[in-house]
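> Residues per chain, in single letters:
There are 2 protein chains.
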Amino acid sequence: MTGVTHQKWWGWGVEGIAFNYRDKPRMAPFVMDRIGIDLSAPGTPPPSFDDIDVPAPRLPEDLAAELRSALGEDHVVTSDLDRVVHTYGKGLVDLVKIRAGHLPRVPDVVVYPGTEEEVRAVVDAVVASDAVLIPFGGGSNISGSLTPPAEETRPIVSLDLGRLNRVLEVDEDAGLARVQAGALGPDLEEQLTARGWTMGHQPDSFKHSTLGGWIATRSSGMQSDKYGDIADITRGMRVVLPGKVIVLRPLPSTSSGPSVREMILGSEGRLGVITEAWVHVHRLPENREIIAYLFPNWGSAVQAMHAISVSDAHPSVTRVSDGNETAFSLSTQKASKGAKKAVQDGLFGFLEKRGWDLDKACLSYVGYEGGSARVKADKATVGKIVREHGGVKLGKGPGALYDQKKFDTPYIRDFLLDIGALADVSETAMPWSRLMEVYHLTIRAAREAFDSLGVRGYIMCHLSHSYHSGACLYFTFALVSRSADMDEQLRQYWVVKKAIQQSFVDHGGTISHHHGVGTDHAHWLEQDISPAGVDVQVSLLQGVDPGRNLNPGSLIPADREW
Amino acid sequence: MTGVTHQKWWGWGVEGIAFNYRDKPRMAPFVMDRIGIDLSAPGTPPPSFDDIDVPAPRLPEDLAAELRSALGEDHVVTSDLDRVVHTYGKGLVDLVKIRAGHLPRVPDVVVYPGTEEEVRAVVDAVVASDAVLIPFGGGSNISGSLTPPAEETRPIVSLDLGRLNRVLEVDEDAGLARVQAGALGPDLEEQLTARGWTMGHQPDSFKHSTLGGWIATRSSGMQSDKYGDIADITRGMRVVLPGKVIVLRPLPSTSSGPSVREMILGSEGRLGVITEAWVHVHRLPENREIIAYLFPNWGSAVQAMHAISVSDAHPSVTRVSDGNETAFSLSTQKASKGAKKAVQDGLFGFLEKRGWDLDKACLSYVGYEGGSARVKADKATVGKIVREHGGVKLGKGPGALYDQKKFDTPYIRDFLLDIGALADVSETAMPWSRLMEVYHLTIRAAREAFDSLGVRGYIMCHLSHSYHSGACLYFTFALVSRSADMDEQLRQYWVVKKAIQQSFVDHGGTISHHHGVGTDHAHWLEQDISPAGVDVQVSLLQGVDPGRNLNPGSLIPADREW
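In the order they appear, the protein sequences are chains F and H. If you're matching positions, the first sequence starts at 1 in full-length UniProt numbering and goes up one per residue. If you're matching positions, the second sequence starts at 1 in full-length UniProt numbering and goes up one per residue.
No lab work stands behind these hints: they were computed from the structure. Since this is a predicted model, take the numbers as computed values, not measurements. Be a bit skeptical, because a hint or two may be false.
For lysine-lysine, the following DSS-like pairs were computed, each having C-alpha atoms within a straight-line distance of at most 25 Å [stated by the list, open to error]:
#: 1; chain 1: H; residue 1: Lys226; chain 2: F; residue 2: Lys376
#: 2; chain 1: F; residue 1: Lys379; chain 2: H; residue 2: Lys384
#: 3; chain 1: F; residue 1: Lys396; chain 2: F; residue 2: Lys406
#: 4; chain 1: F; residue 1: Lys384; chain 2: H; residue 2: Lys376
#: 5; chain 1: F; residue 1: Lys337; chain 2: F; residue 2: Lys353
#: 6; chain 1: H; residue 1: Lys376; chain 2: F; residue 2: Lys376
#: 7; chain 1: H; residue 1: Lys376; chain 2: F; residue 2: Lys226
#: 8; chain 1: F; residue 1: Lys396; chain 2: F; residue 2: Lys376
#: 9; chain 1: H; residue 1: Lys340; chain 2: H; residue 2: Lys393
#: 10; chain 1: H; residue 1: Lys379; chain 2: F; residue 2: Lys384
#: 11; chain 1: H; residue 1: Lys376; chain 2: F; residue 2: Lys379
#: 12; chain 1: F; residue 1: Lys360; chain 2: F; residue 2: Lys334
Looking at chain F on its own, in the form it has when it is part of the complex:
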């Protein structure tokens, strides 16, 4: 009807795709060893939708009539499935709640505008009737910014941007494209690639997240070292507010006062609805390679990434996993045979003879793009730095594997939930000078949290982005909750998650490098940007949206709402 497809109502990605451990012979023993879970034991799958109790919509008839009149009957949807799909993102908290059928408040209606004019009609109608508007892109948010506040008594309208999914224009002279905000990663790249261009933005959520969502949460991608974070990529925008539209023309740079562009970036729906953006696009690179390297330990690996960041090389990807993440990655490899297996076994044997402790080895991927002279020079520069830090080159094979598998990771979370393990991610950024402190103390904080709960847990980390003055550390953690009770599971989760977030801000890190604030991180916002900094954000939001009609509850601490 609407033509818009959604992710599973209960988990990541599309029906029919799921994580499979059976073709990864080393995984079950690894998981048993580290967190004591038997992957072959019968799990608890998500419930059937029929078993979920969905509150009836509470949509005033005059608002419903206005929406139908503006968008057409087909694009104003009140079905239970659609409203449930639009109730949660895909964070661990979301997944636990939806599996428990916990639905204290769901949107009363989902609307699918097909033009900016229709978006304007929706925004105006919502504000005129003092309802609440929650913009919705790919539904992959993991910081809690899509969920209606449980206590919200006003009608709730979820505005799905899925029909606004086209590349409208490519300015070939300027390397800019005008793209509608509801375009998913694949929509956007397919349309650009057909014309010989790429935007180069590839977050883990790529297949299920949208341009508008990236902008609204300040997304980063795997290749942001080269292409920039979404804040760098986004040059112009159109944003619908009640009765008006912010129009920011595409500019390479400007000194026109406090940056409105940088206020919309990260606004998580609270400053209006982004309908389209002008973004940087690049010619498809002549050459593109991902090379894998192995370092003997985390300290040397991080020093190498830092040395690369201040070198003359400009790689597209600089990523390295710590020992725990490397071990996990190796355990999830498919069975390798013949020559490939012999090479890997031979290399590992060789390294052990050279005194490596393979449990501490750190797997790194570095990406190269550009003309062949440039790629060659960058590889030489990086290769020298790797050797100086005791690392060895593994080659293109694992790099190609990384490239193929990069979007599959989120599926594992649903698989783990089936068997009672709660897994999630938390990422931060800090100056290079604080990185090891944040790393070690965050891991210690998580382990102390596992111990305090008396549960088995695992935490691993990779450095995902390098900047001149610092880097992003991206942690993944899992705890084995023996409880089947939602509240107890969430309580245990929050003990660990809070320990991690508190460690970030205590040691010079930010609350989030690229997942946004939402409701999950709002508690630490004052510690990140100072109470006076939050005052400034509140002044802005309150001035633009005095009635709290635009995604209220997200972004700022609850006690700061007006």
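Knowing the structure of chain F, use the given hints to seat chain H on it.
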């Protein structure tokens, strides 16, 4: 007493330095030819300070007492000279007004806090007594944001940050320095260079502008292609607001909501007083070269700069002057003799034989920094692009000259004012696809403005910064006003300036690339960022400063003040 030195009260730079045309034999004939002015004719120097009528300070005794108690007698100054120095920046409008002794409203007091605590005391006292606060750095602003509104009846306090001029800390691991906001360019670079570091930020105003001023106006420097604009360089900040301090820790990147950092950038004193910032610093480069090239015409020169910007090379400077600016630059060379003269004459003769119209030749400077392999590779890449666009390499000689003279240009404006010519600058940025349109139509608009006034005028331009999607065009213009009357001079100036600014926004350009909005550009702000975009800025400013105590009148259009 205060230990803070200032620029001339009536013009650019320091007493004892002035522009001299007599050692530049080609300049007088050039100026006579182009705008009909005889440089040797007796000019009208600026007036003596004794001839200026300075309004007495109107400072309420309780506020005065509070300031003296907080800062000490020596740092609360009400002398006429000090108050006049703090009345204007150094834009053409400022210079014309101060030469005419036009002082409808001057600050009632100038304060020189020595610590952030003292800044807080000043801000709190000013707001408590409903006075007006105008932060003052190097006084080099050229967009009218330092001047008290003529109609302001409340007491006006100019807060001079000149005593806060130290590099407080260098984080060598992260490449970050914590620097006080009142540090002038030379203060800052000398302190950094002594430790082996550079910030690499060199605006034309470098010698007379401060870190805080750069941040408050979104400054760019000559080497921003490599080091980034000030918005990229500035990672953390402390900003004093009434009763509180915004503390933004240094972060390489963050997704903590609408960027408070990017709200302070460009805030021109309206969101508080910046007291210090964490900025990127870099090791002094192993190699640094500026190479000059000559292109046969503007079209090929711009195409070459664009090609460089999307190439694998990463030069520190990409700059090219149009034919008019190249001719002007050549006319201001000192007399060259012997081999140097022979080479230049020989080259120009050779180019003429090859069919070049030397009046259209465009002089370009490209800067290279880094390891020798990198510099060599970048020079090869750029050299090839230059040749492909019909350009020739002139070598390092003119580049070294550029490096030495780069901060002297602003002195010429005072010299021209002496002889009745009004000269100023306007710069913009736009996508590459609009660049030639902005260029040609802006020059046409300026010429039509000269014609409509019946005056001789000159306009010239250079491309000063290149980005992936566009560039900065930096225009310099002069008109010969035969009037000695201030109002008539300003009327004529505004006819030209308005034509230029209107052309920018009409053809996809921004109102300012790196000089800020001030009062001079506020008229076009709605056309740049849309009325709804200005609404968002006003919401922010009004929320933070409901009483309009912080530099009121700057930044937003007068009819938008609350």
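> Determine for every hint whether it applies to the structure shown.
Cross-check of the supplied hints:
no.	hint	result
1	Lys226/H - Lys376/F	holds (22 Å)
2	Lys379/F - Lys384/H	holds (23 Å)
3	Lys396/F - Lys406/F	holds (15 Å)
4	Lys384/F - Lys376/H	holds (19 Å)
5	Lys337/F - Lys353/F	holds (23 Å)
6	Lys376/H - Lys376/F	holds (15 Å)
7	Lys376/H - Lys226/F	holds (22 Å)
8	Lys396/F - Lys376/F	holds (14 Å)
9	Lys340/H - Lys393/H	holds (15 Å)
10	Lys379/H - Lys384/F	holds (23 Å)
11	Lys376/H - Lys379/F	holds (17 Å)
12	Lys360/F - Lys334/F	holds (21 Å)
Every hint from the earlier list agrees with this structure, and none is contradicted.
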